[in-house]
Structures are given as structure tokens and as C-alpha cells.
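With the hints as constraints, model all of the structure from the sequences given.
Protein sequences, first through last, are from chains A and B. For the first sequence, the numbering used here begins at 302 and goes up steadily by one. For the second sequence, the numbering used here begins at 5 and goes up steadily by one.
These aren't lab readings, by the way, just hints derived from the structure by calculation. The reader is advised that the hints may include incorrect statements.
Said to hold, decoys possible - Mimicking SDA-like on lysine to any residue, the simulated pairs with C-alpha atoms at most 25 Å apart in a straight line are:
| hint | chain 1 | residue 1 | chain 2 | residue 2 |
| --- | --- | --- | --- | --- |
| 1 | A | Lys-437 | B | Arg-109 |
| 2 | A | Lys-437 | B | Ile-292 |
| 3 | A | Lys-430 | B | Ser-294 |
| 4 | A | Lys-430 | B | Ala-276 |
| 5 | A | Lys-437 | B | Arg-126 |
| 6 | A | Lys-430 | B | Ala-372 |
| 7 | A | Lys-437 | B | Arg-191 |
| 8 | A | Lys-430 | A | Asp-413 |
| 9 | A | Lys-430 | B | Asp-113 |
| 10 | A | Lys-437 | B | Thr-187 |
| 11 | A | Lys-437 | B | Arg-188 |
| 12 | A | Lys-430 | B | Ile-186 |
| 13 | A | Lys-430 | B | Gly-192 |
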Amino acid sequence: MSTAQPVIRAERLTKTFGPVRALDGLDLEVAPGEVHGFLGPNGAGKSTTIRVVLGLIRASGGHVELFGGDPWRQAATLHERLAYVAGDVALWPGLTGGQCLDVLGATQGGLDETRRADLIDRFELDPTKRVRDYSKGNRQKVALIAALAADVELLVLDEPTSGLDPLMEQAFQEVVRTRRDQGCSVLLSSHILGEVEALADRVSIIRRGKTVTTGTLAELRRHTRTHVHAVTVDEPAGLADAPGLTDWSSERLDGHIESRFSIDADHLDAVIGQLHHAQIHTLTVTPPSLDDLFLRTYDEEVPLHDVPGLEQPEEALR
Amino acid sequence: MRATGLRTMLGVHWRTHRSGTLVWILALIASMVGTAAAVAGLYTTPEKIHTYAAAVTTGSALVAINGRVEGIDSLGGVIQDESGFLMALLLPLLGISLVAKVTRREEEDGRLEAVLGGRVARYVPVLAGLIDASAAILVTALAFTLGITFCGVPAVRSALYAASLGGLAFVFAGLAALVAQITRHSRGVYAWSLLVLTVAYLLRGVGDVTKTWVTWLSPLGWAEKAAPFGAMRWWTLLIPLAVGGLLCAAAVLIAGRRDLGSSLVRGRPGSARASAWLRSPVGLATYIHSPAVLGWLAGALIIAGMMGALAKQFVGAVTGNPAMADAIGMSTAHPEDGFVAVTQLYIAIIAMGYAVQAVGSLRGEETAGRLEPRLSGTLSRMGWIAAHGLVIVTGLVIIVAVSSVVLAASTAWSMGTPLHLARVIGAGAAYLPAELLVGGLALALFGLWPRAFPAGWAVFAIVAFIAFLGPGLKLATWVLDLAPTTHIGNPPLGTVKALPLIVLSALAALLAATAAVGFRHRGVPRG
Numbered sequence: 302m303s304t305a306q307p308v309i310r311a312e313r314l315t316k317t318f319g320p321v322r323a324l325d326g327l328d329l330e331v332a333p334g335e336v337h338g339f340l341g342p343n344g345a346g347k348s349t350t351i352r353v354v355l356g357l358i359r360a361s362g363g364h365v366e367l368f369g370g371d372p373w374r375q376a377a378t379l380h381e382r383l384a385y386v387a388g389d390v391a392l393w394p395g396l397t398g399g400q401c402l403d404v405l406g407a408t409q410g411g412l413d414e415t416r417r418a419d420l421i422d423r424f425e426l427d428p429t430k431r432v433r434d435y436s437k438g439n440r441q442k443v444a445l446i447a448a449l450a451a452d453v454e455l456l457v458l459d460e461p462t463s464g465l466d467p468l469m470e471q472a473f474q475e476v477v478r479t480r481r482d483q484g485c486s487v488l489l490s491s492h493i494l495g496e497v498e499a500l501a502d503r504v505s506i507i508r509r510g511k512t513v514t515t516g517t518l519a520e521l522r523r524h525t526r527t528h529v530h531a532v533t534v535d536e537p538a539g540l541a542d543a544p545g546l547t548d549w550s551s552e553r554l555d556g557h558i559e560s561r562f563s564i565d566a567d568h569l570d571a572v573i574g575q576l577h578h579a580q581i582h583t584l585t586v587t588p589p590s591l592d593d594l595f596l597r598t599y600d601e602e603v604p605l606h607d608v609p610g611l612e613q614p615e616e617a618l619r
Numbered sequence: 005m006r007a008t009g010l011r012t013m014l015g016v017h018w019r020t021h022r023s024g025t026l027v028w029i030l031a032l033i034a035s036m037v038g039t040a041a042a043v044a045g046l047y048t049t050p051e052k053i054h055t056y057a058a059a060v061t062t063g064s065a066l067v068a069i070n071g072r073v074e075g076i077d078s079l080g081g082v083i084q085d086e087s088g089f090l091m092a093l094l095l096p097l098l099g100i101s102l103v104a105k106v107t108r109r110e111e112e113d114g115r116l117e118a119v120l121g122g123r124v125a126r127y128v129p130v131l132a133g134l135i136d137a138s139a140a141i142l143v144t145a146l147a148f149t150l151g152i153t154f155c156g157v158p159a160v161r162s163a164l165y166a167a168s169l170g171g172l173a174f175v176f177a178g179l180a181a182l183v184a185q186i187t188r189h190s191r192g193v194y195a196w197s198l199l200v201l202t203v204a205y206l207l208r209g210v211g212d213v214t215k216t217w218v219t220w221l222s223p224l225g226w227a228e229k230a231a232p233f234g235a236m237r238w239w240t241l242l243i244p245l246a247v248g249g250l251l252c253a254a255a256v257l258i259a260g261r262r263d264l265g266s267s268l269v270r271g272r273p274g275s276a277r278a279s280a281w282l283r284s285p286v287g288l289a290t291y292i293h294s295p296a297v298l299g300w301l302a303g304a305l306i307i308a309g310m311m312g313a314l315a316k317q318f319v320g321a322v323t324g325n326p327a328m329a330d331a332i333g334m335s336t337a338h339p340e341d342g343f344v345a346v347t348q349l350y351i352a353i354i355a356m357g358y359a360v361q362a363v364g365s366l367r368g369e370e371t372a373g374r375l376e377p378r379l380s381g382t383l384s385r386m387g388w389i390a391a392h393g394l395v396i397v398t399g400l401v402i403i404v405a406v407s408s409v410v411l412a413a414s415t416a417w418s419m420g421t422p423l424h425l426a427r428v429i430g431a432g433a434a435y436l437p438a439e440l441l442v443g444g445l446a447l448a449l450f451g452l453w454p455r456a457f458p459a460g461w462a463v464f465a466i467v468a469f470i471a472f473l474g475p476g477l478k479l480a481t482w483v484l485d486l487a488p489t490t491h492i493g494n495p496p497l498g499t500v501k502a503l504p505l506i507v508l509s510a511l512a513a514l515l516a517a518t519a520a521v522g523f524r525h526r527g528v529p530r531g
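Structure (C-alpha cells):
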């Protein structure tokens, strides 16, 4: 996968709007056949990045490639190979949903008819209703169906499930997986962690126009902590000073010792060994979720734990 | 009935709509007082006023357009006649737009829901909108009174004139408020209110020409029958107050009882598939621009048909007035030429308005967020703007051609002479370069500085003002020359020279090319 040419490659991308620096050295790489989660809080620069990648706006600096070409110069040619759902779905209010589907489809060079019919069914869309009478969720469905039914190599989806109910979200995830299995690459911008966690092979997290971290979910999970809740017969020895362990608390409960702490992936094995020595009564291990990473990345007061030195004062207090 | 949240709503409207409302009021005051001042500067002696009065009251064409002004043999009468057409259009529009903006538009965009979720009674937003509009109308009327009095018209008469115009705006504000309760979209509010205005205009015209009671059926007739410079019928002000008040009461009552987002007129389901035509860039552009084409074409057809039907009366009246006949060159083989020239100028301004609006809808596509998905497909920017350009120009040609044919046909019917189709169409076509120039300017704004697009409307307003009132008000030559219409040569009465047409066309093409290059190199969407 690493040898194939990336579908999207952006390096040190910058974009300024007057005094505002929307992108500030952003890197992004989407490999063929992967679902790439693009995470960031509101205003982080996700939509701006996508517009630069599509050649709708020109980057102020840095380098961007779409299918190996220059999206600003060859926009229309490169767009033959992708379908896009914009963050704010806007349709022609006087057309019906079905007509909008066809018009959007024509923009992408046609829709797969079987898939179109199938998706209308699946998303329970009434294509004879006028767009102005649709709810937000239904307008979103029109844009999604148009993109998902297109015969393309890349789907660029900007906050695609906003306005969808959980059932439709489920349907959306299934369809995206199917498309991926058919070889389609997906750039999925979102601030909904569950969705990215459910779909993405790799993730890039951005903040204030910069890529903060990027990697596979497994890699990212390694940077997050496992939460452990253990009830043991004896007091586990040396737990308080165990390397890689934080947020430790311990209390006596019905003659047992209840310990709570979080531990980084590298030291998990050693600590479980210590618990084992103290005779485990019950053990709950909560795997790291993307939320942890997300929160750590965004909360500037709490730095990433792998930045050395910054957690020392906290540990010194204990 | 305690009006919960009325003060809040008035505050919200003030904060969100004050600049738009102020621009409206100032533009109105400027055009009214400007016309009054120019008339006062021009008709300085009773003799001059008398000549004017004699000229416009002979024949029915000008009566149909500007109304039958009682007491036209006075300065105030000339002012009322000169601004007759413009004010009959602008004051109802003031009422309609002020109300539509704060009622159905807010509901359609979902902002009303947020407001009604707070401590605001259901009927209060409409009530507040009507209070805003009434206040704006009152301010406008007061400024009219002061301005016209300042130009040398007796204050009492100015006040009655201003009040009659204010009453006219109030009726249409009430109408718009009521229509806003029963149609689903703000576009419908405009469409239905403007339809009523058109009918009112036609009824007033028919009544004035035939000198019958039909005039009394029209809100425009009520304003006219106040006769501020004639018999001064103050009691006629009660009619617009009563009708407007009833419309307002009905609107407020319905607003308090109906469901949010509901309406009497509902959309019907449509086709589930788009035709191959609609899917093509030109097809979708046609879909986007056809409402504008049809709307402006309807306006042009009303003018062309009405003027043509009155051609005989007009020509008859002018031939009875040798001085005027000489002035407009009636000695030619085509006595109706002067009158076709006037009508073609009106049609040219209408076509120009269409061009600006059509280019504006490109900007509308962008701000609504529909341009972005459009350009993220296989359609290039050049392809997109070329498709729209083609459709816009085709629409322009259709408006000019169809209304020219109608004008030629109705003139021939009224005069009982053979059809001079080529002559009339040629005159219409001669204005195309001027129309394209203004459209090209609007397009250049869209391509280079999209946020400055409203300046395109300002240009249109200035050109329309110069074209309609410039010669009548004897403005300086350099001011007249600012309007591209001046350089066309007033066909078919005057001779059209090739050079100005070529220069105007070349400028238009240059502007269009600049627009395309600018659009190719700017970010989309640009806020």
C-alpha cells in the first residue's frame, strides 16, 4: 500500500484569508483503498483543506496532489474520478429530490442506476418530494446517495452524517464499507468519533490548521491509555510507582482492595502481573478509545502524555 | 391579548434589518425629492407648467402610464405626473419587501422557529413586522412632505400627496403580511403581491383612460383620487387605511392560529427523475434563469401591449399639437415612431434589469452553497460560466424579441396600419449592446469582487433614472452620456449609428472576458 501513489497528498499546506490563517502547514495523505478519517474540531480547517484538495480554492503555500495531478489546474479532469459531499448540503429548492440526484450525478459523470435505486430504498428517500419541503436529514441523504451511487475511485465526504438519524447512520456506514471493499478510497471528515472509529483505517487529527497526529487506529491507540479497575485480595505491591501508570487511586472495600488507574500500552503487561500477584477478584480493563486521544489532543491544558517532562509535577505530588 | 415579546421582536428586526430598510428609505426619498427639485428647477413659470400640462394630457398613453393627475396645471401636479410611474412601483414594493423579509423569509429559513421557542407569542413577529413597515412608511412620507414643500409646493398639498403614497405602501404591506401566512415560501409572497400590483396598475390605467369608476377598484387609484393638487379629498385616505388595516388584522389573526411552517398553498410532488436536458449544464442553467426570464418578460409584455393598444390615441393627440409633433419628428412616414421609441426604451430598461438579476442569481448559487458541488464534478469553471452566459443572453434576446413583436402587433392593430415588424424589432435589437454592457459589468463584479455585486443594481438604478427622467428633467449632457442607452440614438425615431453600438458591444465583451478570467482564478465559494 505504501508503494502505490497516494490518492491525496498535501504537504505543508497553508491558506490565509486576509489576516486569518485557516491552514498553517497541514499534511494529509490518503492511500488508495483506505478510509481515511479526518478529525478536527469546528473551525480547525477541515473544509478548507477539502476545498484546496478539490481545487475549489488555491492554497497560499505548500504542495497538494490529487491522483498525482494539480487540482487547481486540472480540477475538472481530476473530478471525473471522485464524488464530493459538501459540509453544508445545498440543493435547488424547486427541484425534486430525484431530480437533484440526477443533476448531481451528471456533475460527476453519471450514476450507477442499480446502486441509485438501491440506495434510495435503503435510505428511505421519497424522490418525488421537492427539496424545499425536505428536512435537513433528507437533503443530506440526497447528497450522500448522489456520491455513493457514483462510479468513482474516491469519495470526499465532509461531515456526511450531520442530520441523519442513528438508523440512517448505520446504513451509511454499511454502504461506505461496501464501497471500500470494492476498492474505493474515502476521505471522511468528521467530528463524530464513533463514526470515524467505526469506519476509518487511518486517521489524521488536525487542530488550528495543523496536523497534530496521523496513523492507523492501532498506532493511535498505542498512544492512549487503558483504564483498569481491579479488586484484589491483597494490596498490589509497588503499583503507585509503577512506570507508565497515572491517575492511581486505591481504597479498602469489604475486605478487598479496590484499585483504579490508567496505564500506557507498553507497561500494561507488567502491571497486570503485579495485580495477579495480589490475587485478582474482579478485573475490568477498558480499552483506549479515540475519545481519549481526541480529548487529549484538543485540550491544551492536558498535553499528550508522551511529551516527556510535562507529567512530572503531577506524579511528584503523589 | 398581551403582545408577549413585541419589544424583543422589534429589537431583533431593528438589529437585523435596519441597514437594508434605511437604504430603501433613503433611495426612495432621494428619487422623490430629486425628481421634485429637478421639476421645480425646470418649470419655473406658469407658462412652462401650462405647456407641460397640455402636452401630457393630450392623448391617453401618458395618462395610462403615469395616471390622470388632477390639478396638473401646477408645480405639484407636474411632480406627481413625472414620478407617477416610478412611485406606483416603488411604494408598493417598499411595503411588500419590508414585510416579506421579516415574515415568511424568516420562517422559511428556520429562524422564526428559534424566536417562537422563546418568550414570543405566535402572532407577534408579524405584528412587529407590520409596525416596522408602518414606521418606515411614516418616515418616508414625512420626508416626502418636507422635501416637496421645500421645492415650493404648498405644505398641505405636499402632506396629502405624501400621505396618499404612504397609504398605498401600507395597503401592500398588509397584503404581503396576509399572503405570507398562506403561501409556503417568500418567493410566493413576492409573486402574489406583485401580481396584485400588476392588476392594480392595469385597473388604474383602464379606469383613467376610460374615465370610469374602474380606477376606484385599484389601490393606485385611491392614491390618485386623493387629488392632492386638485380637489384635495382627504377622506380618500380612509380607504387604504381601512383596507390595509383589515389585511393586517387578518394576517395577525391567522398567524396566531396556524401551525408553524404551515400554509394553505402546498407544494405538489414532482418527477422522481431529471431529464437529460436538465442534467446538462445548459439545461440546469435554463431551469435556474427561466423564472427571471418569464417575470421580466411579463413586465415588458404588459408595457408593450398597453402602449401599443393606446398608440392611436397617442398619435392622434400629438398630431393635434403641431409643436410637439415637430419636436418628436412626426412628419415622417411613420407617425407612431416617437411612441415606439419611448416604449422600446422602457423595454430596454426592463431587459437590463433582467440581465442584472440573472447575473445576480449566479452569485445566489454561490452564496447558497450550490456552486461548490457543481464545480466539484467534471464541469470546468469556464464551462459553467459559459453555459450560464449563453442562457442569460438567450433570455435577453427572447425578452427583447417577444416584446418587440407584441409591441409591433398591438401598435399595428391600434393604428390600423400595416405591421412594421422589422422596424420595431430593429429598434429593440439596437438596445442589446447597452443591455449587454450593464450585464457584463454585473458579471465582472461577480467574477472579480463577488461581494460587491449589489453595486450592479446601483448601476442599473442610475442608468434607469437617467434614461427615464434624464431628458425630461434636462440633465447635463455629460450626465446623460453616462447611461449607455443615451448612445443608442433613440430608434426608430432617431438614427442608429454603428460606431457606438460597436464600442458598447466591445466593452461588454471585454467585461465578460475579464469576468471569466477573474472567476477562473478566484476561490469558490467566496463569502
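Hint check results:
Between the alpha carbons of Lys-437 of chain A and Arg-109 of chain B the distance comes to roughly 17 Å, so the proposed pair stays at or under 25 Å and holds. With a C-alpha separation of about 22 Å, the suggested pair Lys-437 of chain A and Ile-292 of chain B falls inside the 25 Å cut-off, and the hint holds. Restraint check for Lys-430 of chain A and Ser-294 of chain B: the C-alpha separation of about 21 Å stays at or below 25 Å, so the hint holds. Distance hint between Lys-430 of chain A and Ala-276 of chain B is fulfilled; the C-alpha atoms sit about 8 Å from each other, no more than 25 Å.
Distance hint between Lys-437 of chain A and Arg-126 of chain B is fulfilled; the C-alpha atoms sit about 24 Å from each other, no more than 25 Å. Simply put, Lys-430 of chain A and Ala-372 of chain B have alpha-carbon atoms about 20 Å apart, close enough for the 25 Å limit, and the pair holds. For the hint pairing Lys-437 of chain A with Arg-191 of chain B, the CA-to-CA distance comes to about 20 Å; that is within 25 Å, so the pair holds. Simply put, Lys-430 of chain A and Asp-413 of chain A have alpha-carbon atoms about 22 Å apart, close enough for the 25 Å limit, and the pair holds.
Using a Cα cut-off of 25 Å, the hinted pair Lys-430 of chain A and Asp-113 of chain B holds, with the two alpha carbons roughly 18 Å apart. About 21 Å separates the Cα atoms of Lys-437 of chain A and Thr-187 of chain B, which keeps this hinted pair within 25 Å; it holds. Restraint check: the Cα-Cα separation between Lys-437 of chain A and Arg-188 of chain B comes to about 17 Å, which is no more than 25 Å; the hinted pair holds. The hinted pair formed by Lys-430 of chain A and Ile-186 of chain B meets the criterion: a straight-line CA distance of about 20 Å does not exceed 25 Å.
With a CA separation close to 18 Å, the supplied pair Lys-430 of chain A and Gly-192 of chain B stays within the 25 Å bound.
The structure fails none of the hints (numbered hints given earlier).
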